[in-house]
Amino acid sequence: MSKLLGSLKEAIEKTGLKDGMTISFHHHMRNGDYVLNMVLAQAAEMGIKNLTVNASSIFDIHEPIIGHIESGVVTGLECNYMGGKVGKAISRGILEKPVIFRSHGGRAGDMENGSSKIDIAFIAAPCADNMGNCSGKYGPSACGSLGYAFSDAMHADKVVVLTDNLVPYPLKDTSIAEGYIDYVVEVEQIGDPTKIVSGTTKITRDPVGLRIAGLAAQVVKNSGYLKDGFSFQTGAGGASLAVAKYVEEMMEKDHIKGSFCMGGITGYLVDMANKGYFETILDVQCFDLKAIESIRENPKHQEISAMRYASPAAKSAAVDSLDVVILGATQVDTDFNVNVHTDSNGYIMGGSGGHCDTAAGAKLAIVVAPLIRARLPLIVDQVLCKSTPGSTVDVIVTQRGIAVNPAQKELREKLEKAGLPVKDIKELKKIAEEIAGVPKAVERGDRVVAKVLYRDGTLLDTIKNTI
Amino acid sequence: MKILKNAVAGTLESSDLFIQIEPDDKELILEIDSVVANQYMDSIRAAVLDTLKEFEVSTGKVFIKDKGALDCVIRARMETALKRGGVEQP
Numbered sequence: 001m002s003k004l005l006g007s008l009k010e011a012i013e014k015t016g017l018k019d020g021m022t023i024s025f026h027h028h029m030r031n032g033d034y035v036l037n038m039v040l041a042q043a044a045e046m047g048i049k050n051l052t053v054n055a056s057s058i059f060d061i062h063e064p065i066i067g068h069i070e071s072g073v074v075t076g077l078e079c080n081y082m083g084g085k086v087g088k089a090i091s092r093g094i095l096e097k098p099v100i101f102r103s104h105g106g107r108a109g110d111m112e113n114g115s116s117k118i119d120i121a122f123i124a125a126p127c128a129d130n131m132g133n134c135s136g137k138y139g140p141s142a143c144g145s146l147g148y149a150f151s152d153a154m155h156a157d158k159v160v161v162l163t164d165n166l167v168p169y170p171l172k173d174t175s176i177a178e179g180y181i182d183y184v185v186e187v188e189q190i191g192d193p194t195k196i197v198s199g200t201t202k203i204t205r206d207p208v209g210l211r212i213a214g215l216a217a218q219v220v221k222n223s224g225y226l227k228d229g230f231s232f233q234t235g236a237g238g239a240s241l242a243v244a245k246y247v248e249e250m251m252e253k254d255h256i257k258g259s260f261c262m263g264g265i266t267g268y269l270v271d272m273a274n275k276g277y278f279e280t281i282l283d284v285q286c287f288d289l290k291a292i293e294s295i296r297e298n299p300k301h302q303e304i305s306a307m308r309y310a311s312p313a314a315k316s317a318a319v320d321s322l323d324v325v326i327l328g329a330t331q332v333d334t335d336f337n338v339n340v341h342t343d344s345n346g347y348i349m350g351g352s353g354g355h356c357d358t359a360a361g362a363k364l365a366i367v368v369a370p371l372i373r374a375r376l377p378l379i380v381d382q383v384l385c386k387s388t389p390g391s392t393v394d395v396i397v398t399q400r401g402i403a404v405n406p407a408q409k410e411l412r413e414k415l416e417k418a419g420l421p422v423k424d425i426k427e428l429k430k431i432a433e434e435i436a437g438v439p440k441a442v443e444r445g446d447r448v449v450a451k452v453l454y455r456d457g458t459l460l461d462t463i464k465n466t467i
Numbered sequence: 001m002k003i004l005k006n007a008v009a010g011t012l013e014s015s016d017l018f019i020q021i022e023p024d025d026k027e028l029i030l031e032i033d034s035v036v037a038n039q040y041m042d043s044i045r046a047a048v049l050d051t052l053k054e055f056e057v058s059t060g061k062v063f064i065k066d067k068g069a070l071d072c073v074i075r076a077r078m079e080t081a082l083k084r085g086g087v088e089q090p
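First to last, the protein sequences are chains Y and F.
In terms of the UniProt record's numbering, the first sequence opens at residue 1 and continues consecutively.
In terms of the UniProt record's numbering, the second sequence opens at residue 1 and continues consecutively.
Partner residues aside, some chain Y positions facing chain F, computed with beta carbon under 7 Å:
{"id": "1", "residue": "Asn345"}
{"id": "2", "residue": "Ala374"}
{"id": "3", "residue": "Arg375"}
{"id": "4", "residue": "Gly437"}
{"id": "5", "residue": "Pro439"}
{"id": "6", "residue": "Lys440"}
{"id": "7", "residue": "Val442"}
Hints are computed from structural coordinates only; laboratory data are not their basis.
By construction, the Cβ of each residue, glycine as well, lies at the ideal position given by its N, Cα and C atoms.
From just these sequences and the hints, can you work out the full model?
As structure tokens, this is what we get:
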């Protein structure tokens with residue numbers, strides 16, 4: 001018995017893909033992914049219509065999906081993140097059925113509890129054997145962790161592995177095991193390696209970004225969580241990484257040994273772990289080449305699934321043990337709700353990813369963002385989309401001051417006592433408006449183009465069409 | 001006062017604006033393209049017209065690509081463009 005088939009077309013036929021089904025994809029190939037486009041083009045050629053695409057993320061490289069929506073091949077879309085190109089088309093209303101946005105943890109949880117049903121999952125595998133054992137760690141398209149693909153493999157009715165690096169059975173270091181895999185297809189390339197990860201992720205040199213990062217690090221220090229056993233998650237953005245740098249300096253100075261760092265992993269976090277600041281790295285997705293090399297070679301560096309990362313349906317998830325998370329925002333409102341789904345004009349250009357999962361799980365959720373970006377104030381009366389509920393956000397750090405959620409009285413006292421520039425969130429809003437002027441409210445249509453589900457599957461907000 | 005020659009000021013960087021001005025004897029033509037048009041078009045237009053008035057310029061062509069510049073930046077870039085275009089401060 002071999003699961004190896006001669007072509008993607010044959011695999012699609014064997015899986016029994018037909019009109020109206022839901023197919024799924026994971027996004028570790030990021031903006032270099034060829035697999036989603038390849039599968040949709042093949043399905044379109046075979047005359048299949050009315051598909052729902054559930055992809056952990058949609059990037060700009062997936063722009064051809066717009067054509068498939070227009071031709072009726074794709075009539076439903078579910079994802080945790082959507083880049084600006086497809087986001088713009090969706091915002092203008094090309095898809096009749098609202099897009100379903102979930103979080104990384106919510107997507108895994110909804111597959112686990114059965115509320116999100118996947119008929120056929122397609123897994124882009126940087127290496128695989130003929131029985132479907134696969135991993136992201138090896139091969140010309142190596143992406144490191146395959147974290148988000150685990151739920152798809154475990155819960156879809158049929159699972160197809162696509163690889164451009166077929167190795168003899170058995171693959172010596174397997175992430176997703178053969179028991180979940182129905183078919184294997186060898187293709188020329190699953191992605192463009194130059195776009196899968198960035199070569200290196202760099203710390204910002206922007207003085208505003210550094211000021212924000214410095215203040216955020218002071219918040220971490222004075223919160224009381226920066227002690228032995230400290231666990232930490234931060235993004236790959238320049239300012240988030242700068243927070244890691246300042247936190248590292250504090251850990252060095254006070255001889256603090258942390259327990260784990262998590263998330264999308266960058267070379268910077270790998271270096272921190274290697275220097276002994278963290279016992280282990282929990283990696284659901286690699287952001288750069290150094291992280292990929294590390295997950296392949298460093299026993300301290302573990303691959304984790306989206307379930308283990310953040311699923312609310314699991315008996316526990318790593319986010320529940322997280323001390324501090326550093327998050328971004330396009331908008332924050334005076335109730336501390338955060339928008340990471342749309343820009344200030346209401347166009348979709350992002351998504352929760354793990355934002356609301358980590359905010360809910362972490363003991364201290366810090367949002368870092370400039371008070372004004374291209375004239376637009378960060379803080380508004382009401383966010384255009386509620387991506388993360390304000391009740392789970394503890395601190396907003398801007399270059400002009402720090403706002404603490406009123407529910408966190410003790411924390412506010414600690415930060416004030418440390419001499420940090422703590423201000424009321426409404427005061428921060430006023431400072432920005434005095435500099436930039438009060439922005440006119442953006443008008444939007446009355447059609448719902450996307451529904452944002454919270455990590456537990458409940459409706460958090462809707463996104464209306466742009467006009 | 002009149003704009004005597006073509007001139008530019010500013011950049012296309014975020015939070016800045018790029019201004020091109022040209023002479024015109026008869027009318028004032030003002031074209032503004034802004035990334036924050038929805039939120040701030042009225043105040044951008046007001047800042048530009050204000051600066052023109054300050055320099056007593058009533059005719060000419062002004063083309064603006066705004067990347068989210070603050071009011072003070074718009075006025076400073078306008079002033080520079082006008083001076084480069086041969087307009088003297090009254």
